[in-house]
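Residue numbers (the working numbering), protein chains in the order written: chain F, 1 to 697; chain Y, 1 to 272.
Bear in mind the hints are in silico, worked out from the structure with no lab data behind them. Beta carbons are placed, not taken as given, at the ideal position from N, Cα and C, and that holds for glycine. Some hints could be false.
[Stated by the list, open to error] Simulated DEER-style distance windows between Cβ atoms: (1) F:L481 <-> Y:K167: 31 to 37 angstroms; (2) Y:K167 <-> F:F571: 17 to 23 angstroms; (3) F:R91 <-> Y:D74: 49 to 55 angstroms; (4) F:F571 <-> Y:D74: 24 to 30 angstroms; (5) F:R226 <-> Y:R131: 57 to 63 angstroms; (6) F:P259 <-> Y:R61: 39 to 45 angstroms.
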Amino acid sequence: MGGLPLGEITRRLEAWLEVEFTLQDVCGFARAIAALAPSEQDFILDWTQKLSAAHVQLAHLFAGQAPGLLARVDRRLIDAWLVEALDAIDREGLQAAVAVLRAAEGSLALHQGRAESVALTDARGILLTIARGFSGRRLQLEASEGETAWTDGETLHLPALMARLPSAADNFALYKTLVAMLWAQGHFGTTRALAEGALSGHPSPARALSCFNALETLRLEACIARELPGLGRDIRRFRQQGAPLPPAWRGYAERLGDPDAGSRDSLELVPEALSAALPPPAHHQCELRPEAVVARIAREKMLLRLRLSELAGPSPVAREGEQARRFELKRHEDQSGTPGELELFLGDAPVAPPEDVRQLLASVRFDFGDVPPEYLQAAGPGEYAAERQRETRRDPDQVWQGSYHEEGAVLYPEWDVDRGHYRKNWCVMREKDVPPGDLDFIRNTLVKHGALVRRLRRSFESMQHEERLQKRQAHGEHVDLDALVEALSELSGGGEMSELLYARLSRTGRNVAVAFLVDMSGSTKGWVNDAEREALVLMCEALETLGDRYAIYGFSGMTRKKCELFRIKRFDEPYDDEVRARISGIRPQDYTRMGFAVRHLSRLLLDVEARSRLLITLTDGRPEDYNDHYRGEYGIADTRQALLEARRAGIHPFCITIDREGRDYLARLYGPARFVVLDQVAALPLKVAEIYRRLTV
Amino acid sequence: MPSPDSLVTLAPQRIASEPYYQPTGDEVALFEAAHRHRLPMLLKGPTGCGKTRFVEYMAWRLNRPLVTVACHDDLTASDLVGRYLIVGGQTVWIDGPLAAAVRGGAICYLDEIVEARKDTMVVIHPLADGRRILPIDKRGEVLHAPDDFMLVISYNPGYQSVLKELKQSTRQRFVACEFDYPDAATEAGIVVRESGLAPELAAKLVKFAQMTRNLKGNGLDEGASTRLLVHAGQLIAAGLSPAAACRGAIAQAITDDAETLAAVQELSASLF
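Isolated chain F (complex conformation) (with noise of 0.2 angstroms):
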């Protein structure tokens, strides 16, 4: 065997299930783990751990039911299974990782012995992208909660992991077909069908859908093949694996797959349909769910009237003021007389739609092939209802005094050293300004470094140089006309003439950006922080000679559902009093969780253009937050990997500290030579610039 041995098993067991506090006994599933083979055994305890890590409960479920699943199902499956869930203990706590635990072991029970399964999680991106391609809209995509796909018109809806049939290239297959006849519904108005109240009255109105249903995957199966016949040879072969149709149905497919057949002629089809049984639901085969889409083009009406009101401007009093409120979409025709864009206005006056109400005219369109008049209704001050479907961006602070709202702020993943994964959406990112502070100390700054400012921005015009001319080349756009005299002078001499004679400007220019990330914890207090300040002070007025574009951003946080963003200065901003007035305000706040701003700076840098992209560090001391959780090794391991993934996109970050204790885990961190240890908090000012001069030249 060459496993644990029992004793073993169970010793770790108690410990990670916290028997000591639960009371539970381990000995059942220990004695299951330990009749493994060596390597399910390490995949067992391996994942224990980890769940035990985020909670004791989900390692407890898992090991009880781990040795059974591990004989029938496929592992890749058991991994996606099990990331979902501490994805769902991330988002919305333990009772839904648990919820997911449950539902799975009854599905993973359904799927095909060792199915070789494709993840959702894996196929995300293709999946989303393929959709994208077919419709041309913003479509978005969710796992859904169990084993059906659905679509409300907007956000596809897929099962979390696909094992339906035997191979990965099928599953795959499968999940495209999904997104296929999903997309299909609302091409080849499925969608409208539902929007439009189909079968609501129906008696039976639920043995009425699914049978409409069915007549509608045959009906889309044929438009599909039609339009795709790629997908369309697909779709064949997985009804070839299913159960054969049943005659009367086979004459359903025949009438439907008529190139003319719409949802109507299905409609029609149905009574006499229902008479029979239903033929048993294929592969591929969606579900419809009319609430859903009901209810999404009421959000979307909503919506539209909202911003149309915001539109039109403040609500009039007077009832003529109504009319004047209501928008119209007209047709612009061109001399030729061929229709045009549609244009939106407001009596005679052309509005030009912002973004966002383009796409939800676009949506709306999509739905009823027109804009019903009512939609173009701006909302009035009567429905204060409404206000509740609006996603407003609100003012960061503003939100802070309610509780932890995750409106307006940008979610980034954080990396989970004890689960090796990433904990998606973890933290929650606002960007701020920084309140301005006195000019003042910047003066006081200038005057007190004044012999220092001007040796650095001469030390730093010295690096600018934008164009050189380059003498004696062979190629150039100009003649240099020394090295012509001299080489006719060879000549005459009965010499060999030089080819080396032309001159060339040639570009050195510096094309560099950076960005500095300033630690604004409350370790800062004091001292440091006025090092900090005087420090960015000289920076900038050496950059302002260099001519580099730069960014400067300070970052504090409390807890993943407070990280902060202070704005000081942003890529596209002058070096003005307002951004000195900010370097002067710049105050400590409170922990130094790190990763996000990393993550969050990286993709500031990436969106600037140039050659090479800095990210450069100011802090006093390691990462850590104000729970134990993130100090120490979780800490450092989420920076690294942030600090990875930015070198990754061709950033190369840089670390200024005065943590003499930081040598230890910096070189971690950023790599042996890539960060500085400043001894004295005094020296911060003094050797900012001149380190950057070193990175730069």
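Guided by the hints, dock chain Y onto chain F, whose structure is given.
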């Protein structure tokens, strides 16, 4: 050292036979009117939608020689105007393509003008307004453009970069005309005509192109151009399978990103 004979003077090319061009709007009339009134033209549009072919066609139609310069980020003003070379111990002036076009009353087409270095704008501006002159500083000469000369520039507004914007002072000298991919039927017709592909397959290629254009900004910087469709069509007509042709001529050409590439291939597999 180059001998005098080996120096090729940049003679404007006259287009001998009618290039195939399928008009999609009133661009031909606009170009002719601009030429008649000695106005320069700016062609906007995504890559591979037929801007260069259009200029070739117009040069043929107006019976003017054509000088085409593909601009790149090291193209300087002297590359356009000309320079002294040393031949047998003597300096010899060689006209650049722009000066040659002005002298010859040709149509000068500067393709992707925003790629060129900023100093090129200095020589373009006096040519593009009422003065219609090209000063050659190094020779102390000022060329006056004859009536037949026409300056045409093109650029692709689809680029996101702020560095590749055309300045107002430049763009407001030109008559502008926007190009886009033709509608599906016209585009299929172009593919059939240019590649000899069967109409049915050409229509599928166009449908595939539209799917990739749907992805603009969603993983792709730009969708498949008409030019790529013609390439793919030629490969298919030469006996390659549609899947291989789409992969080689289209998918690999528009992206390097593995995931987007896989998705684009799936889209083409759905069609063929």
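- Message: Verify the CB-CB distance for F571 of chain F and D74 of chain Y against the hinted window 24 to 30 angstroms.
- Response: Check passed, 26 angstroms falls within 24 to 30 angstroms.
- P259 of chain F versus R61 of chain Y beta-carbon gap, inside 39 to 45 angstroms or not: With Cβ atoms ~42 angstroms apart, the hint holds.
- Hint check for R131 of chain Y and R226 of chain F - Cβ pair distance inside 57 to 63 angstroms: holds (60 angstroms)
- Query: Using the C-beta atoms of L481 of chain F and K167 of chain Y, is the stated range 31 to 37 angstroms upheld?
  - Reply: holds (34 angstroms)
- Do the Cβ positions of K167 of chain Y and F571 of chain F conform to the proposed distance bound of 17 to 23 angstroms? holds (20 angstroms)
- Query: Per the hint of 49 to 55 angstroms, is the separation of the Cβ atoms of R91 of chain F and D74 of chain Y within bounds?
  - Reply: holds (51 angstroms)
Checked against the numbered hints above, the structure breaks none of them.
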